[in-house]
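A.B. asks: Residues per chain are reported as follows:
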Amino acid sequence: METLNNVLLGFSIVLQPNNLFFCFIGCVLGTLVGVLPGIGPIAAISLLLSTTFTMPPVTGLVMLAGIFYGAMYGGSTTSILVNIPGESASVVTTLDGYQMARQGRAGPALGISAIGSFIAGTFSVIMLMFCAPLLGKAALGMGPPEYFALMVLGLTTLTYFSKGSTLKALIMGIAGLFVACIGMDQISGDQRFTYGSTTLMDGIGLVPVSVGMFGIAEVLTNVEVILKQNVFETKIRNIWPSWKDWTKSRWAILRGSVIGFFIGILPGPSATLATFASYALEKRVSKYPEKFGTGIIEGIAGPESANNSAVGGAFIPFLSLGIPANITMALFFGALMIHGIQPGPLFISENPTIFWGLITSMYVGNLMLVILNLPLVGLWVKILKVPYHLLFPLILLFSVIGVYSLNNNSTEVLIALIFGFVGYLMRKFEYEAAPFLLAMVLGPMMENKFRQSLLISKGSFSIFYLRPISAILLIAALVILTTSFFRRAKPQIADN
Amino acid sequence: VRKKDSISALFWLFLSVLILEEGRKLPFGTPSHPMPGFVPFILGIILGILSLLLLGKSLFRGEKEEFRLLSGGKGLGRVGLTLGALLVYYLLLEPVGFLLVAFLLVFVLIKFIEPQRWIYSIWVSALVSLCAYFLFQVILKANLPQGIMKELSF
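These protein sequences, in sequence, are chains A and B.
Using this note's numbering, you'd call the opening residue of the first sequence number 620 and step up by one each time.
Using this note's numbering, you'd call the opening residue of the second sequence number 943 and step up by one each time.
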């Protein structure tokens, strides 16, 4: 009964014209950046973060969430029609989706991915409704050492799943933690590594860094080798899958929804990981695994459901523990902090309107996305044909405006440029931006909890291994770290 | 020898030394009462160890590789020009004002990165900068710098 009341409260908030409008804007923008190559949801959310400052917190979050899950829908369109995944969570969709398009079945491929995404999105929202408050209550018993250990585990898991060398991912994590130290020390108020700069006194902002590393760096990489793409010319007829397609896909959608949700809870590039896991599972349970990659509809239905379900899962550690599990959640974290709201175990009980408003907006948004994506697929295909010579100046201009308007401070534009160049070099030297950025966000909280723990234990590090939850989490982190150094092959997951 | 790893490892090693050296100026405290220099010191040490591991790995275990940092020629020129245009945008933004600087930035990018015709580049840049101004300044009230365009602003 209590949940029902909360859901009704959520709907009463999200159905207010203002929130409904921004939910729609978020879904449109999300689909747009999912479709367009060269800009992903992370850069888009970073750019629009500043526009949410003047909105009520729930409206801002509803819009940002729309971008997040909208990009999952949009990403599948480019995977199927152009063989270029709009973002990493749609990489797997290219395998069978593009083949279906080549066989003249682009319509059902797009249709099943939108329907699967809708079902999975709805499933994960319902799960989120039940799981987040429970976990939030359980987390009330956690102290500084447990929080510190949890963040160590989160960062370690992210480095494990990062592309390429674990050692390099760890270095990025440490570099991110160091950048987080720049600015005023939270406990003593001393200035660290600021060298008299007033901009640096507040620390290096998340937005200029993420815009630089995910927006500007991407453009620099693309202009070096001019991006050319050909949209597969096909008439998209009948987007509704046939009954045969549907009977083949329904269990794949269900399995994808469940896998996606639980993998979504894990730290790291969970949506991408969920798609790989779902594809592998569909191949394993299939009667014709050898045909995967030739245009099998289950190979689209499962992963596309999984990546949408993972979005709901990713909100769980963020909303109930206050710990962002991936970069997108880190940006949400930044948005809430700007409004003076601290995500954590008390978040749901203290801010029921924000929590339930956000959750129900995801339900409404999923419905909007089905309407946006199925009948309007032709429009998105047209947008795909926007030439890159027009697209990249727009991305860059919006990047620098977004960064400037955050604090009306042009020094932050310079910081974004510097990190754009750093991000470009990192790609050249095969380093990933994700561990860096997540460490940068978690850094202040990690340092705080670490120092608080030492204050509690009067300087003894034993506090981290004598308390059972903290010990288990740290051992898990150690196991992950050790296995990642000793394995030969590891899953190759892109970070953005 | 994996060149790109050894070059980057040397950079990280340098950064770790820098963190330790600069961190020395901060009060360190004790484990029971850690001060602002405590965590940077630990991070500097870990970064140093990791960069030495990477250096060792790249020198002794790495496979041979062809490594060119930049694709050279036109590609390098386009990256340089894009970065340069953005830097000029940053330098002129406040003194000259958003509208004119945004026009210049978009114009340079359209005209010279993937060269388009002059007329096309001019009208697209004008349209884009005006639309961006209208969207951010008029609708979203972003308070973009006016610079010398103050008298002309609407």
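Read the hints as simulated data drawn from the structure, not as lab findings.
For every residue, glycine included, the Cβ atom is placed at its ideal position computed from N, Cα and C.
Possibly wrong hints are sitting among the right ones.
[What the hints assert, rightly or not] Which chain A residues stay away from chain B? Per the calculated CB distances, all over 10 Å, these:
(1) 634
(2) 635
(3) 675
(4) 745
(5) 746
(6) 794
(7) 816
(8) 838
(9) 843
(10) 867
(11) 869
(12) 993
(13) 1007
(14) 1012
(15) 1047
(16) 1073
[Claimed, not checked] For lysine to aspartate or glutamate, the following EDC-like pairs were computed, each having C-alpha atoms within a straight-line distance of at most 20 Å:
(17) A/756 / A/969
(18) B/946 / A/1049
(19) B/967 / A/809
(20) A/1004 / B/1056
A.B. asks: Verify that the Cβ of residue 816 of chain A lies farther than 10 Å from every Cβ atom of chain B, and report whether the claim holds or is violated.
C.D. replies: Consistent with the label, residue 816 of chain A stays out of reach of chain B, its closest Cβ about 14 Å off (over 10 Å).
A.B. asks: Taking the closest pair, is the beta carbon of residue 1047 of chain A still more than 10 Å from chain B?
C.D. replies: Non-interface label fails for residue 1047 of chain A: nearest chain B Cβ at 6 Å, not farther than 10 Å.
A.B. asks: Was residue 635 of chain A rightly flagged as not at the interface, with every chain B Cβ beyond 10 Å?
C.D. replies: Answer for residue 635 of chain A: holds, closest chain B Cβ roughly 20 Å.
A.B. asks: According to the definition I'm using, a residue is off the interface if its beta carbon is farther than 10 Å from all beta carbons of the partner; does residue 1012 of chain A meet that for chain B?
C.D. replies: violated, 4 Å
A.B. asks: Confirm or reject the statement that residue 1007 of chain A sits farther than 10 Å, beta carbon to beta carbon, from all of chain B.
C.D. replies: Violated: least Cβ distance 7 Å, not greater than 10 Å.
A.B. asks: Checking a non-interface call: every C-beta of chain B should be farther than 10 Å from the C-beta of residue 746 of chain A. Is that right?
C.D. replies: holds, 35 Å
A.B. asks: Over 10 Å to the closest beta carbon of chain B is the bar; see if residue 634 of chain A clears it.
C.D. replies: Since the minimum Cβ distance to chain B is about 24 Å, residue 634 of chain A lies beyond 10 Å and the statement holds.
A.B. asks: Would you say residue 838 of chain A is clear of chain B, with no C-beta pair closer than or equal to 10 Å?
C.D. replies: About 7 Å separates residue 838 of chain A from the closest Cβ of chain B, which leaves it inside 10 Å; violated.
A.B. asks: Does residue 869 of chain A clear chain B by more than 10 Å, comparing its Cβ with all Cβ atoms of that chain?
C.D. replies: holds, 43 Å
A.B. asks: Can we trust that residue 675 of chain A is non-interface, i.e. its beta-carbon lies farther than 10 Å from all of chain B?
C.D. replies: holds, 16 Å
A.B. asks: Taking the shortest Cβ-to-Cβ distance between residue 794 of chain A and chain B, state whether it exceeds 10 Å.
C.D. replies: violated, 7 Å
A.B. asks: Just to be careful, I want the Cα atoms of residue 967 of chain B and residue 809 of chain A compared with a cutoff of 20 Å; is the pair within it?
C.D. replies: holds, 11 Å
Hint violations for this structure: numbers 6, 8, 9, 13, 14, 15, 16, all remaining hints satisfied.
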